[in-house]
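Listed here are the chains, written in short residue letters.
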Amino acid sequence: MSELTIVQAINRALHEAMQHDPNVLVLGEDVGVNGGVFRATEGLFKEFGADRVIDTPLSETGIVGTAIGMALYGLKPVAEIQFLDFIYPAFDQIVSELAKMRYRSGGQYPCPVVIRTPYGGGIRGGLYHSQSTEAYFAHTAGLKVAIPSTPADAKGLLLTAIHDEDPVIFLEPKRIYRSVSGEVPDGDHRVPFGKARPVRAGDDVTLVAYGAMIPPTVEAAEMLEKEGIGAEVLDLRTLVPLDEEAVVRSVEKTGRAVLVHEAARCCGFGGELAAILAEKAFYSLKAPIARVTGYDTPFPYALEHAYLPNAETIAHAARGAVRGG
Amino acid sequence: MSELTIVQAINRALHEAMQHDPNVLVLGEDVGVNGGVFRATEGLFKEFGADRVIDTPLSETGIVGTAIGMALYGLKPVAEIQFLDFIYPAFDQIVSELAKMRYRSGGQYPCPVVIRTPYGGGIRGGLYHSQSTEAYFAHTAGLKVAIPSTPADAKGLLLTAIHDEDPVIFLEPKRIYRSVSGEVPDGDHRVPFGKARPVRAGDDVTLVAYGAMIPPTVEAAEMLEKEGIGAEVLDLRTLVPLDEEAVVRSVEKTGRAVLVHEAARCCGFGGELAAILAEKAFYSLKAPIARVTGYDTPFPYALEHAYLPNAETIAHAARGAVRGG
Amino acid sequence: MTHGHPAALSVAAPGAVSDFPMARRLEAYRWMVLARVIDERALSLQRQGRIGFYAPLAGQEAAQVGAAYGLEADDWIFPAYRELAVALVRGVPLRMIFDQLVGNSADLSRGTQMPNHFAFRAQNFVSTSSPIGTQITQAVGTAMAMQRRAARAVTIAFFGDGATSSNDFHAGLNFAGVFRAPTVFFCQNNQWAISLPRDRQTRSATLAEKASAYGFPGVAVDGNDLDAVYRAVRTARERAIAGEGPTLIEAQVYRFGPHSTSDDPRRYRADSQVAEARARDPVHTLKERLIAEHQLDEAADTKIWEAARAEVAQTFEAAERTPPPEPRTLFENVFAHLTPRLEEQRAAYEHGALEGTGGRP
Amino acid sequence: MTHGHPAALSVAAPGAVSDFPMARRLEAYRWMVLARVIDERALSLQRQGRIGFYAPLAGQEAAQVGAAYGLEADDWIFPAYRELAVALVRGVPLRMIFDQLVGNSADLSRGTQMPNHFAFRAQNFVSTSSPIGTQITQAVGTAMAMQRRAARAVTIAFFGDGATSSNDFHAGLNFAGVFRAPTVFFCQNNQWAISLPRDRQTRSATLAEKASAYGFPGVAVDGNDLDAVYRAVRTARERAIAGEGPTLIEAQVYRFGPHSTSDDPRRYRADSQVAEARARDPVHTLKERLIAEHQLDEAADTKIWEAARAEVAQTFEAAERTPPPEPRTLFENVFAHLTPRLEEQRAAYEHGALEGTGGRP
Ligand SMILES: Cc1ncc(C[n+]2csc(CCOP(=O)(O)OP(=O)(O)O)c2C)c(N)n1
Ligand SMILES: Cc1ncc(C[n+]2csc(CCOP(=O)(O)OP(=O)(O)O)c2C)c(N)n1
Ligand SMILES: [Mg+2]
Ligand SMILES: [Mg+2]
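Protein chains in written order, with our numbering: chain G, 1331 to 1655; chain B, 1331 to 1655; chain Z, 2 to 362; chain R, 2 to 362.
It is worth saying that the hints were derived from the structure and are not from the lab.
Remember, it's a predicted structure, so these values are computed and weren't measured experimentally.
Glycine included, C-beta positions come from ideal geometry on N, C-alpha and C.
There's no promise every hint is true.
[To be verified] Covered stretches of chain R, going by a simulated chain Z footprint (3 or more residues, C-beta under 8 Å):
id, segment
1, 172-178
2, 182-195
3, 213-226
All chains, full assembly: derive it from the sequences and hints.
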């Protein structure tokens, strides 16, 4: 066990994966000599050299396209996209190629690329250093989507991603890269995909969140507890595959659901969760399903505090649900 | 009034808009001399010349990027992307630039580009000539999303799009380009955005659909009628802005909702609709909300009949809802 | 002729690139004839509704066959969607090609893709997709992987004149230049990207010269000349293997037929232009040469064509008789293993299908 | 010095490109000093937490000022995110620049963007975004629109060496070549893309030569030389206006400071390299020249710097005292008019904010 921040845990996972398997390599902008703009790849260049820690030209198209080619040949590329906001030049490679390679070749060409990228707001990054567009990837059949919220999960989910046989979009909550730290198991610690993390138990309402929304959601649950409301908090960990069972089971118990994400509301992952609950937990629902999300606007700069869900807005929605039925 | 197919109605709208306003121009691959691979721009090159009907090099990045530049300067570009499946090289320009231009400049730079593109399955097009990814665009704040299902709406919504002050993604149901025809008003016929089309009235269940899913949905309603089930059918016409009121009002009446789209289920537009209903029509709901959608797989070739919703699968879900409560 | 092995050749002496080996010219001719016959047959099958789509390669046979002969078995091929003749030379059995065109249950890609979108792992013929250019960066990535594994192999990316405008062309050539990736960029400039002529695709005088923007050589060759193509690919391959980096080859050809079965080329080009190009028909050119070299005479040639036609007809019919893929395959190969959600969707489909609802719960 | 007008100059005789006009050299120097002073101040304000971010332009002043002087008022500027000096020369009031850096309620962009992401419609200074290269195709589109409107104007796209690897560089230059768009592609090659040195961005010997892949001229100039830059832009502009199409200009400079306030350049480059580059400091070079020409002496120079520092300090403080944007502006300018959904979200926010929940229902 070591006490690490989230970004340190990611660095540790990369380090250990590269030590363990010579096929693992890292590529991206500024990941080598500079150690990554968030220092997630710090020290890797020195230890593993330019052949396995590749500073690329400024082209996300090139990063993901070449990573796919490497994976097809049997390497295990872990590509870094500097900010999720800059992944779009690679979107064609991701949705048209990476996601469909195994399917379209009838299984002849698996393509297990990992794409790591920091996402989310709260760092005064404005429109282009703040977005949360996990729904684009969750909507794309053939991609797995993982989003850790703790250092232990950051390491454990990343190692699982690196060992996975399929492509994984690994979204890192940059807002809590350094502000959240915790015990991280040493060695080959893996957290399975598709198993939500029960963060907190409660009987009155279920709060579902992931990534950087976990701290304010937990804070909301603590506030609610003082008001006599028992809030269960689930951290999804992976959106694809989804631990549907855990979500449905919890809402069957509490009868109320508040779905939290910082992404824009329309067609966000909250919609998917609401649809699942309105189908599968329908007869248990005691109140309207609430979503606490970013607004349907671009991500603002000066007003990001107003844009982002926070403990108070999450608690407010939970109170509404409890009052609602 | 003229009897036209959907693709003819689109051609007519482009023709009239270009005649009416010299700022309107068309650009894309094969749109000029060839008249478009689906003939949507047939005749325009001859009438308006190479200056206003621009055959571009093979680059969607270039098509949308230059269209944005034209719109900034006051022209009204209508860009064609040959198939929705090929829009991804332009995705960065669409989500990072087009959708955010007005917002990020505080209203200084409106950017009213129209992007027309055929979408959807049922033409034996396999993975890359069949996809329905409207949810990507609906999730992107700053874009309007229109999807006609009749010739009259094709013309009326396209003219509204061309006159709109904001960017519009205009998705054309290629499967019914020629198979659906109908009366289309002559002249400046406009169909407002954000007003669903009530296709059919009914008291027992609400079927919500759009685009190429309208014909099988109507067929399902007819089947249900014979079984004594009154199905109300709503054609959304635009996903953004959404006629939430019409959907909520209908489900308040029927108590049951079946949401239909051919896109993959996870994070599709059906999720958004379900979330809205589970929040705003909650107390009227008598049965679980059902989604009839494409599966969470890439779009197949040989098995597309199995992949696509059809009248029978829609009716089946509606029967389930009626049995359900 | 079917079930051939990958026709890779050993290099006599590294560095010295020889002409196309005389002894294999007739064999190359046979592949070209076979490709031409498949084209003719496929166009007619499509018109009869027996296959859903086809993109003919007529006019590009020498370019494809010449390039394929320039490769070794360990080299990886990243096709566009018109490289059927490359697959033949690599030794892909005709039956497998037809299984794909039909999309039946024997298709290695399990009927997931439109016709012409091949993937043949055993022949290192990588999965084809429709989006233009995407294979180019992938070919570079595989080449970078070969570098790291110290494999004595290269990748070759096939693409058209239109694809030079794609994002992946730019990114791929740039990465290859920077990392000296052992990649051969093989552009079949067939003068058209659907209806857009080459001179409106880009203003550079040749496509080959675009390589200089990325710091490596580009060479334009007559794509109707089997030898010229073979030499160019062979030379590029040797440079790549020697660690000298990539080469861009522009093979200048002409697309005789429509872009695909969905296209009507008379809308955008004059028949006279096509006739002019057909005067340089690569199949005919090679035939004349073989006759001049006494490797072939008219009678033998007729037999070659007849044999090809018979084989094509028989093999296609066998492919056509093969049943379509099972519905459950719809859910397979999305991931290595079915997720619970896909498992549920599969079960729901089967349940619905059993109930006679055409699937879905 | 503030509230200047766009410093556009008329061309003496079309076709004959003159040197940078002597009479305006001192004025140009003042802009360069002002830019340098803003840089210094902004870096320190960011360290104090008074602005959130800053991307300095030190080392690129002559390139930016020289380019801006080469333009006319009707020309449209498509900036990257480092073109503050261009905005100054165009006559954007200092106050507006600082309102943006602060993101206050007076900011023309209404506090929606990070510092340095300017948009000044009145000066035809188009909205800045972070994604690299996207402005390049847009500049070509606007130029195509100017062509169609027969405007005697051009667009200029600013971008860095790193941006030459972007998709939009390729698409933009290709479209401009094909359509002979009146666009000037102005690449400030400051040798670095964050930590990636120029020679690992691409293997071409110069960036300028990439133009030939698109069929038009490229020219490399010393970006520390105001005259050379001015002449290059002026020449390119005249070609464009005359219908001869685009030009790529590579202005060779060096980025003295960090990439941005988030960057620590000592991780990837030696101080000695920076010191070497600083020996060719464009501000200092121009000062020496003005002194040699007797347009300036040390005393006058000191005054210029002092005046600039005073103005910057005062203006920044005024911007800082301006209140932040109103929360309702969050919902405006997504579209021309609020949709029902945004109206509902706005109302919910205000309702929540009133209830003290920090917004949301
Ligand atoms: C990204 C993308 N845009 C558009 C298309 C539609 N399309 C298919 S083939 C083609 C022309 C390709 O031309 P070229 O690269 O010269 O290859 P050729 O067909 O001549 O072999 C186009 C525009 C596509 N497949 N992908
Ligand atoms: C598409 C994209 N990828 C990555 C980034 C992150 N990033 C910001 S600036 C930069 C380097 C830009 O280098 P260059 O074009 O030379 O401009 P300079 O900063 O030197 O002025 C990078 C990689 C980005 N903004 N956009
Ligand atoms: Mg071509
Ligand atoms: Mg730079």
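Hint-by-hint comparison with the structure:
With 3 residues carrying a beta carbon less than 8 Å from a beta carbon of chain Z, the segment 172-178 of chain R meets the three-residue requirement, and the given coverage holds. Requiring three or more residues with a Cβ within less than 8 Å of a Cβ of chain Z, the coverage given for the segment 182-195 of chain R is violated, as only 0 such residues are present. Counting residues of the segment 213-226 of chain R whose CB lies closer than 8 Å to any CB of chain Z gives 5, so the stated coverage by that chain holds, three being the minimum.
Violated hint: 2 only; the structure is consistent with all others.
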